[in-house]
Amino acid sequence: MTSGLWELVLKGIWVTVQLLVFSALLAGAVSFVVGIARTHRLWIVRFLAGFYTEVFRGTSALIMIFWVFFVLPPAFGWQLVPMWAGTLALGLTYGAYGSEIVRGALNSVDPAQREGGIALSFSPWQRLRLILLPQAVPEMIPPFSNLLIELLKGTALVSVMGMGDLAFSGNLVRLALQESAEIYTYILLIYFVIAFLLTRVMRGLEKRLKAGIGEVPEKGVSQRELHRPETTGVGGGAA
Amino acid sequence: MNWDWSAVGDFMPHFWDGLLVTLQALVLGSLISFALGLVWALLMRTPSRWVRWPVGVVTEFIRNTPLLVQLFFLFYVLPEWNITFSAMTTGVVAIGLHYSTYTMQVYRAGIEGVPAGQWEAATALNLPMTRTWTAVILPQAIRRVVPALGNYVISMLKDTPLLMAITVLDMLGEARLFSQQNFQFTEPLTVIGVAFILISYPASLLMRALERRLVR
Numbered sequence: 001m002t003s004g005l006w007e008l009v010l011k012g013i014w015v016t017v018q019l020l021v022f023s024a025l026l027a028g029a030v031s032f033v034v035g036i037a038r039t040h041r042l043w044i045v046r047f048l049a050g051f052y053t054e055v056f057r058g059t060s061a062l063i064m065i066f067w068v069f070f071v072l073p074p075a076f077g078w079q080l081v082p083m084w085a086g087t088l089a090l091g092l093t094y095g096a097y098g099s100e101i102v103r104g105a106l107n108s109v110d111p112a113q114r115e116g117g118i119a120l121s122f123s124p125w126q127r128l129r130l131i132l133l134p135q136a137v138p139e140m141i142p143p144f145s146n147l148l149i150e151l152l153k154g155t156a157l158v159s160v161m162g163m164g165d166l167a168f169s170g171n172l173v174r175l176a177l178q179e180s181a182e183i184y185t186y187i188l189l190i191y192f193v194i195a196f197l198l199t200r201v202m203r204g205l206e207k208r209l210k211a212g213i214g215e216v217p218e219k220g221v222s223q224r225e226l227h228r229p230e231t232t233g234v235g236g237g238a239a
Numbered sequence: 240m241n242w243d244w245s246a247v248g249d250f251m252p253h254f255w256d257g258l259l260v261t262l263q264a265l266v267l268g269s270l271i272s273f274a275l276g277l278v279w280a281l282l283m284r285t286p287s288r289w290v291r292w293p294v295g296v297v298t299e300f301i302r303n304t305p306l307l308v309q310l311f312f313l314f315y316v317l318p319e320w321n322i323t324f325s326a327m328t329t330g331v332v333a334i335g336l337h338y339s340t341y342t343m344q345v346y347r348a349g350i351e352g353v354p355a356g357q358w359e360a361a362t363a364l365n366l367p368m369t370r371t372w373t374a375v376i377l378p379q380a381i382r383r384v385v386p387a388l389g390n391y392v393i394s395m396l397k398d399t400p401l402l403m404a405i406t407v408l409d410m411l412g413e414a415r416l417f418s419q420q421n422f423q424f425t426e427p428l429t430v431i432g433v434a435f436i437l438i439s440y441p442a443s444l445l446m447r448a449l450e451r452r453l454v455r
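So the sequences go chain by chain: U and S. In terms of the numbering used here, the numbers along the first sequence are unbroken and rise by one, the last being 239. In terms of the numbering used here, the numbers along the second sequence are unbroken and rise by one, the last being 455.
Be aware that a few hints might be false.
To be verified - To give an idea of the interface, some chain U residues facing chain S are shown, with a C-beta separation under 7 Å as derived from the structure:
no.	residue
1	G58
2	S60
3	L92
4	K153
5	A181
6	L188
FYI, nobody ran anything at the bench for these hints, they're computed from the structure. Values in this document were obtained by computation on a predicted structure and should not be read as measured data. Positions of the beta carbon are idealized from the N, C-alpha and C atoms, including for glycine.
Work out the full structure: start from the sequences and follow the hints.
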């Protein structure tokens, strides 16, 4: 491979990383808003949040991407820059998976903690911010770490729309060289390295957050091995 | 927003063709992933490090890299090695292989969940190794993991549109073809989006019900 082609791959990595960061931020925000809304005391709020989750988890991420690219522009008369269209589709889809994680972790906090907050006459917002979230967030990190890997794999989907991410640069190099084994091996390896770095970062984060509430991360690999975000309740399925 | 019901009517014949292809890919992909996942899980239990280590590395690698790129790899690289499959076969193999690295963990959890007493009883009855596995351990392990496997089938369903990228005419492939011929993107894409929800939501309710029945 020539240096020009490597430059193409580097640009692809940069686009993939940008897309990963933006859509992870959006997915994180959506997860918390929707996940917390699913524990709201008004049934209509719970229902709407649950409806959002089921719709976005029910359909495929690739179809969402097609929808955002092809249906939104004529329907609403505005066209998004590809980067934002990709961010929107991925963030909303993976945010729906993430909201299940947030809901599960919030539900798994000992009910006595909530009751203690009520007894001390904390407002609902104070209870959430000062009591529930500090205990729930460290529990969320391992499943969020898995979701982040799924999101990284999901970013490859935007290449179908012609966005110049890492997978797309692989296709360009294949066309240029008329040879595919080498470039696809490199592309897969690069994805693997990014995924590996992400799991390391998340593991460090988990350690710090758990230390904050006086716990140690569980030993053994079985807990933190990668799981695809499941379709039914992720963690503590109590509805 | 302008919605054209006649476009929906025109698209429906293509939709059924696409649905059939999607379901075929799903069924075959599931069978491969169930079988291969069990093979990986059993290989990971062999005493030899020289088996466990390579299997572990390979499955970890497959699990952490995008299915789309794996599809491209199989679709473009295999012909260079003079192995040619149809696009559909390539897609089914790729999906099955990708998901086998997930089902392997499901099986492992199921096998580890079998109480140690069962192993000891099999030893006490002097059952040979194959009989211990086929008559004692696996029936109990697999019963426990059926709902989890079902969840992966649902995930797999949502990954079948990726086959479109290697020219398979699944639901999304049909929708895209129809859109490009008729310049109507809204209707076919919305129809298949709704179709996915209509299939996967009842399926996930079913898995939740199965979970309550089988797991405890």
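Note to self: Name the hints, by number, that the structure is in violation of.
What the structure shows: Going through the list in order, the structure violates hint 3 alone and respects the others.
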